[in-house]
Each structure stands twice: as structure tokens, then as C-alpha cells.
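Chains as they are written, first to last, in the numbering used here: chain A, 1 to 257; chain B, 258 to 514; chain C, 515 to 771; chain D, 772 to 1028.
Treat the hints as calculated values from the structure; they're not laboratory data.
Do not rely on the hints blindly, as some may be mistaken.
Stated by the list, open to error - Here are the simulated SDA-like pairs of lysine to any residue, each with C-alpha atoms no more than 25 Å apart in a straight line:
id: 1; chain 1: C; residue 1: K589; chain 2: C; residue 2: M755
id: 2; chain 1: A; residue 1: K75; chain 2: C; residue 2: S739
id: 3; chain 1: B; residue 1: K406; chain 2: B; residue 2: A420
id: 4; chain 1: A; residue 1: K68; chain 2: A; residue 2: A94
id: 5; chain 1: D; residue 1: K877; chain 2: C; residue 2: K620
id: 6; chain 1: D; residue 1: K877; chain 2: C; residue 2: R680
id: 7; chain 1: A; residue 1: K149; chain 2: B; residue 2: P312
id: 8; chain 1: A; residue 1: K149; chain 2: A; residue 2: G87
id: 9; chain 1: C; residue 1: K761; chain 2: C; residue 2: I751
id: 10; chain 1: C; residue 1: K620; chain 2: B; residue 2: V346
Note that the coordinates shown come from a computational prediction; the quantities given were computed from them, not determined experimentally.
4 protein chains.
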Amino acid sequence: MSTQYPNDPSRRDFLEAVTAVTASMSLIGADAMALATEESKGVSPMPDPIPAFAPIHQPRALSFDPAKLDGLSEKLIRSHWENNYGGSVKTLNAVKQRLAVALADKDTPPFVYDDLKREHLMRTGSVVFHELYFDNLGGTDAVDAYVRKAIGESFGDFATWEAEFRKIGAGLGGGSGWVVAGHNLHTGQIENYWLADHLHAPAATAPLLVMDMYEHSYQMDYGASATSYIDAFFRNIRWEMVTDRLKRVSAWRSARS
Amino acid sequence: MSTQYPNDPSRRDFLEAVTAVTASMSLIGADAMALATEESKGVSPMPDPIPAFAPIHQPRALSFDPAKLDGLSEKLIRSHWENNYGGSVKTLNAVKQRLAVALADKDTPPFVYDDLKREHLMRTGSVVFHELYFDNLGGTDAVDAYVRKAIGESFGDFATWEAEFRKIGAGLGGGSGWVVAGHNLHTGQIENYWLADHLHAPAATAPLLVMDMYEHSYQMDYGASATSYIDAFFRNIRWEMVTDRLKRVSAWRSARS
Amino acid sequence: MSTQYPNDPSRRDFLEAVTAVTASMSLIGADAMALATEESKGVSPMPDPIPAFAPIHQPRALSFDPAKLDGLSEKLIRSHWENNYGGSVKTLNAVKQRLAVALADKDTPPFVYDDLKREHLMRTGSVVFHELYFDNLGGTDAVDAYVRKAIGESFGDFATWEAEFRKIGAGLGGGSGWVVAGHNLHTGQIENYWLADHLHAPAATAPLLVMDMYEHSYQMDYGASATSYIDAFFRNIRWEMVTDRLKRVSAWRSARS
Amino acid sequence: MSTQYPNDPSRRDFLEAVTAVTASMSLIGADAMALATEESKGVSPMPDPIPAFAPIHQPRALSFDPAKLDGLSEKLIRSHWENNYGGSVKTLNAVKQRLAVALADKDTPPFVYDDLKREHLMRTGSVVFHELYFDNLGGTDAVDAYVRKAIGESFGDFATWEAEFRKIGAGLGGGSGWVVAGHNLHTGQIENYWLADHLHAPAATAPLLVMDMYEHSYQMDYGASATSYIDAFFRNIRWEMVTDRLKRVSAWRSARS
């Protein structure tokens, strides 16, 4: 459960990651083979496992003690992490194995392939946004000057940014979705984005702060009161993670010049 | 028409961009004021223009001669650039101005605000993906060893990558959407993604190659034959742009370590 | 709270309904006028209220005692009815008033109008499906021969129908959506349909049985266990309502011939 | 090509339709068996074909001469009917066969099943709306008093209805979707609805007039000029079909009382 992402960019660079994935292929390959064999008896030869289609995703451990958040219960956080996030990790791995089999079969109609690619996009969104969400929870620190300055430059002042972020969240109450503050790598802007499900995301954007608005994020603790949950979320933001994410983007921009 | 993005990350860094935007505020502010005044007579004071809500988007000129593509007509490309992409630039600017007015009015219900934020996400996706799409057209060069190696490490071999990219596109024929090969900044993987509209995007991903599958990308030239269009698209990929995008991501990863 | 739909088709015919709506216009008009005036000071003259844009929706009372369901708590049902369903009724009325103002203003851009029409479609779906859902809860009766025969003719046997209905629901766990068994008026078939949100619906279809799969339908009682909720839903189906809905469709078919 | 829907509700009643479907099972069963066998070698026994999962959809012939529309070219209409509508008929049949196999296999994960059910909803929407669309084209008649009165009662006057219908369409230009004027069977109202894709539909609604806004409906003739297409659509509406559809709904309402 506490195993880290094998190729988490914050821990090793891309070549290392590919090496790690390749090294774990014998194990992964065995699992993939088992499932694929079951699925495709007599239909097509099993493709060699390749990173883009290998079930390499593992749950990332919580970076905080779920018993110690302010206004978000341990029961809620554990259920969210284990069932909703954990379920998406499993499903993403299963989808990748099915994609490998489907692509190897020349007779798979494109519409069937794309039904699986939709699931692939959705589960990728769920896994990535959940990891970013849990990673930016568990803090008691204040916003530092670095983040405050960047947000101020984009939004006029910090209060305007916060007002918009919260308003977007309030509008998502009773349904599903995410609020994402992100640095758009293409336009160079920091903006807040509304997302209605795991398929949505701002194009070409590095997320800075992520808030889950699916009802499983708050119904157990707050029922239908989405705004009470948003208050609790703000009390638990780990701002140092936002600082870290913003610095990475700045480093990138410097590296280019 | 040929004006570039004021804060295109490939041309200046973030602080410069913010400065440029701020410097142009008097002009932008005047336009915003005109529209906002018309909309909100007597309702609320006009907010100060701020980058996140300013109509700063300008059409980015084509990087190639639209008369010289292989199998994609000048008429098609010009209509696509001017009407579909150009229309989204205008709408994105208009949405931002409406958001500024709506946020400043405390009585705007969250659901109304989020209707506009959905349009904001959609038009941002349209503008960003269209610019990436046109930027990766107009080439006659072959895939270089650098890109071929990275794709090979992710997909086993280049042919598998291409087969999947094309299959995703074929499945989108007759509808709307995008195919995006991208480097997921969170998982560290290069993957192909299916997108059904401008709202969709892979989470936390830097796009490498983008193919428009909205019917306005091909109906004029190919009618319903989406696969003929995909063939033409592949003949016109500017691979050096893909190389450039991939190198930026690598530079980022190095900068972090 | 217990007021019925003014033009519920099960209570009066269309002309009566239109009359009722028109008769209540003075009251509705006053409210609409108040809101519209606030919104559009000086912008455009208030349009006359017309049924398609009038805030005529009122919450429909529960047809059962929410304290007496088997495995669905009173707290859950009351929160669901009051906050989620009730919220959509209010929002639907508010959207209609905004549409009236927006349509009367010739300068409303079509994209802004359609943002509101999307909300209109979504809230219409929410209100209609919620009313159908609550109406088919609260029963202790068994499936009668009439329904069993019709479902059997479509699905081979009743067990196949139920297995599919439940499987669709299980796949929606952790997200949002509806499962609808409906009579498609165009194809003449009884089928089960997967819906991922309030915008989705089977084309031209009269619903027979509706199951809410938004997390607010079960998180309070069952946490992430969507299948336990589905079990509870099946124990509480009011089958006589399904019979009634099916008979209405048959009556229609006879009336045509 | 000219074969009619086997169980089109305008031609026979439900029991007749089921009989017809059952009678054609030996043929359908053979096809289904062939496909399913290919797919599932050794996996699971082939289920008996049942109407809900049988590939019974056949293209419905155009009710007008496509060479004689005013401002919509024969080439456009033929491509639209054959490729886009015809493609969806084929895909809907293929999806149903895959659903039969997937449901019979107890090991099919719900998320995989629901990927297919989403395709089922989408293709059902495409087939149904396309048939309604083509069926309400090809006319030169004026709106009759019956329809004019009903629309007037709902919208105040006919011009308001038309203005909204056209505005919704204009906002969908450059993307995908439908505009549907329909009689909502649950609320009793006649309204116009915005749909962004084949998955969308107004809940519990009998369509009266359907306009396709996918770009394949007009790009060949009008390029990006969606409003020119909307003008042409209005010149070709077969209003007697709208009258007929409205009378069916009224008959239903009378039958209930």
C-alpha cells in the first residue's frame, strides 16, 4: 500500500524510470499474461508488455496521518483513499492490459478500442488528480510569500483567487468534479479551472492545487453541505506542496532559456 | 492576425509575460470596460482588469504556408484557422471578461459562474490544442533518432505507437475530439490519449503531438473519410516540433534534479 | 413542500396545464420581474413571462414515508430529497428566468445562451429523473405478471434484465449517473440504459424504472459500497408504479392505431 | 437500403414487433453466433439471442428525394445518411452483440460493461435522432394551425420559439450536437433543448422537431457557416411530420384520461 509510484517524476528521471519499469516487467508480464490469456484464449498471441500498456501503477501512500486532519474524518479519508483512489489504480492497470490485447488484435473495431481509451483517460485523470489532491492535504502551514506573489500577479490579489476557487467548488456541490489551480504551460498563465469529471483537465497544464469535489470527498462528514467541506479543505492545505510545484514550473521555464 | 501570443512560454519567461500583460492593461482595460459597462449597467462596479480575467489572447499566425500542405487544401486550413480556431480565441476573450464581471458580483449564483467556467475550460482547450496542432503541421522532415528512441522506450517500437495513434483517430471519425501524444508530468510516461471534445485533456500532461479530429479538420477535403485525413495528417507532421517539445520536458526533468 | 407539479401529465391534460400556468402568471411574473430587474437594470425591457421560460416547477412531495424504507435511512432520503432534488428544482426555475432575459436581449452571444441551455437540460434531467426515482421507491409489492411478461419478451427472462440493470449500476459506483429501464418510443424496445449524469438520457424514451447512482444516493448509509445500495434499492422498488408507467405506454400505442 | 425498422412504432404495435423480432432470430442468431464465436473462443457459452441484445437495427430509407432539397446538396445528404447515420446503425448492432457476450460472461468487470453501455446509449441516440432528423426534412409545406397553436401556447408566439431554436443551433456551430423541440412527457411542457452529443437527450421527452448540428450536417455545403445551414434547414422542414408527432402525444394524453 505504501509503495511509491515507480516512475514518479519527483524521484527519478525519465531514463531511470523506464529502466525501473523494464526491470519489473517479468513480474508485470506474468500478471498481464495471466489476465490476457484468460481473455483471449485462441484469439491472438499475447503482445510483449510495453510501458505504455503495462499495469505499473501502484497506490501511493498518504503523506499525512489521516487521523489528524482538521474537520475531515479518518473514516472519510481512508474510504476515499482505499475505495475511490485505490479502485481507480486497479482499474487503470486492468484497462492497460485490455488495451494491449485489443491493440494486438487487428480486428478490434476502432469504436471498441476508443471505449477503452476513454476509460484510460478517465482513470488516468482519477489517479493523477487523487494523488495530487492527497499530496496537497495534511498541512498546517501558511501560504508563503513566493506563492502569494505569483497568485497575486495573476489574480490581482490573493483574495480574488481564493474567492474564485471556492465559488467554482460551490457550483460543483451535489455532483462530481475537481477544482484545479494550475500553471498553463502553453499560455504561461496561472488560472483556476472547473472540471466536471475525471475526463476533464485544462490543456497542457501543471496543477498547483487540486480539490476533489466528487461527493465521496465529503458526503460522509458533511452530507450535502459542499461549502462546509470547502472550508475544511482550506484549513488542511499543505501550502509547501503548492510552493514546491510552482518552483518546479519556474525551474522548467529557466531551463528553456 | 500574425500577432504572437503575448506570453507564449517559448518566447519570454513568466515575469516578462506578466509585465507585458500589465503594460497592455490600459488598452485591454478600455475594451473590457466597454463590454462590461454595456453588460452591467447599474449592477456592480467594474473590477480592475487582472491577467487571469483579461482578454489577452490573440490569434497565433500559422507557421507554414497553407497552400503547400500535402493533401490538406488551403481552403480547409484557412477556414479551420480563421473560423474554428479564430472563433475560439474571440470567445475565450469574451468569456474572461464575463467572468470578471460575474465574480465581482457577489450575487452571481455558483451554478451560473460554473456555466461560464465550463466555457472557459472548453475554449482554453480549443485555443491551446489548435495552436499545438497547427504548430505541428507543415513539415516534410522525418522522425529523428531522439524522438524515435523515446517513443520506442514507451511503446516497444515506433510502429506500435503509430498504430495506436491512428486507431484512436479512426474511432473518433464522424464526431469530435483530439488525439494527443503527451508526456504525463506526473506519471513520467509517454502515452497516447483519446479526447472527445475541448473539455477533455490528459491530467498534468505536456502534449508532444496533437491531431484534430473535429469534422471541420477534414470534411471539406475528405467528407466522411476520417482515415484518409489521418493519412494526410501523417504526411504533414512537423517532427522537429515534436523533438523540440520533448527536449523541453527533458530539460525540465534535469532542472529538478 | 407537498405541492404537486402544476402540469403533471398524470393529473390533467395539456390544455388544462397551459391554462393553469397562464393563470399563475401574475404571481410568477412578479418573481420573474424582480429577478430580471435586478439582473438587467437598464439593459433590456423585461419580456412577458411565457410557459417555456416561467419558473413553474415546484417540489413534488414524496409518495412514501421516508422513515419506513428497508435499508435506506430517513436521514439519507430527506437530505437527498431536500438538498439534491430540491436544489435542482430551484435552479431549474432560476435558469428559466435567466433564459427569458437572455433571449430577449438580441446581443446575447449564442455561446452564452447555450451555456444556460446546457444548465437547463441538466436541471431538467435532474428534476425529472429524481421525481421518477422517488416515485418508484416505497413499495413492498412483487413484480406483477404484466411487467414480468413485457420484460421477459425483451430480455429473454426477468433474471437477465435484472442482472444487466444491477451490473450497469455497479459500474457507476464512485461517480455519478443513473440507470434507466425505459420503453424507447421510436424503436419500440424495452432496454436498460447507462447515464453518467443529468445531461444524458436515452433518446425518445419513456422511463419505466429509474435508479439514482449519484453518490448522494448512498454515501451516507453505505459509504463506497454501491452494490449494497443497489441491493437496498431493489428491496424498495414500488413495482406498481412500473406497471402503471408501462400501461401508459401501451395505451399510447393503442391510441395511435 | 430501403428496409424499414422492423419494430417502428409508426407501423405496428409492440407485440407484433416482438413477434417479428423473434421470428427473425434464426437469421440474427446466426450472425450473432458467428461474431460472438470469433470473439469469445473458449471463454463462455454463447447466450441465446434476445431482443434487447439482438442486432435488429436496419437503415431506414430517406422519405424524400435527396436531389430535391433547397440548399442542401444531394452529395451532403447521401454522405450524411450513408456514412454517419449508416455507420451508427452498424455500430449499434455490433455493440448489442458484444453486450450479449459480455453479460453472459460473469467475469466481465462492471467498468468494461459500462464502457459498452455508454457506446450503446450513444449509438441509440445517433440512430434515433438521425431517423427523426431525416424524417422531418423534405417538406415544402407551411406550419399548420395545430402546431402553431401548441407552440404559441408554450412560447408566447411562434417567433420566440423559432428565435430560440435558431440561437441554440448557432451556439453549437463548429462542434457537435442537436437541437430538439420536444414534448416532455413528465412535465407536460413543449421546450427546445440543447444537446452537445448523441449521449445527451431531454429526459422522458417525445421529440417533435430535430436539427442535426454535427459538422457533417453542413461542412460540405457551407463550411464553417452554421447559420447558413440553419437557414437551409428551416426551408426544408417537413412540418406535417411535426404535426403528426404532436398529434401522437395528444392521443396518448387522451388515452390516459
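Evaluation of the provided hints:
1. K589(C) with M755(C): With a Cα-Cα distance of about 24 Å, the restraint between K589(C) and M755(C) holds, given a limit of 25 Å.
2. K75(A) with S739(C): Given pair K75(A), S739(C) holds - Cα atoms ~14 Å apart, limit 25 Å.
3. K406(B) with A420(B): Holds. K406(B) to A420(B) sits at ~17 Å (cutoff 25 Å).
4. K68(A) with A94(A): Cα-Cα ~33 Å, so violated.
5. K877(D) with K620(C): violated, 57 Å
6. K877(D) with R680(C): Within the cut-off at roughly 13 Å; holds.
7. K149(A) with P312(B): holds, 22 Å
8. K149(A) with G87(A): Not satisfied, since the Cα-Cα distance of roughly 38 Å exceeds 25 Å.
9. K761(C) with I751(C): holds, 17 Å
10. K620(C) with V346(B): Between K620(C) and V346(B) the Cα gap is close to 22 Å, so the pair holds against 25 Å.
Hints 4, 5 and 8, counting from the list given before, are not met by this structure.
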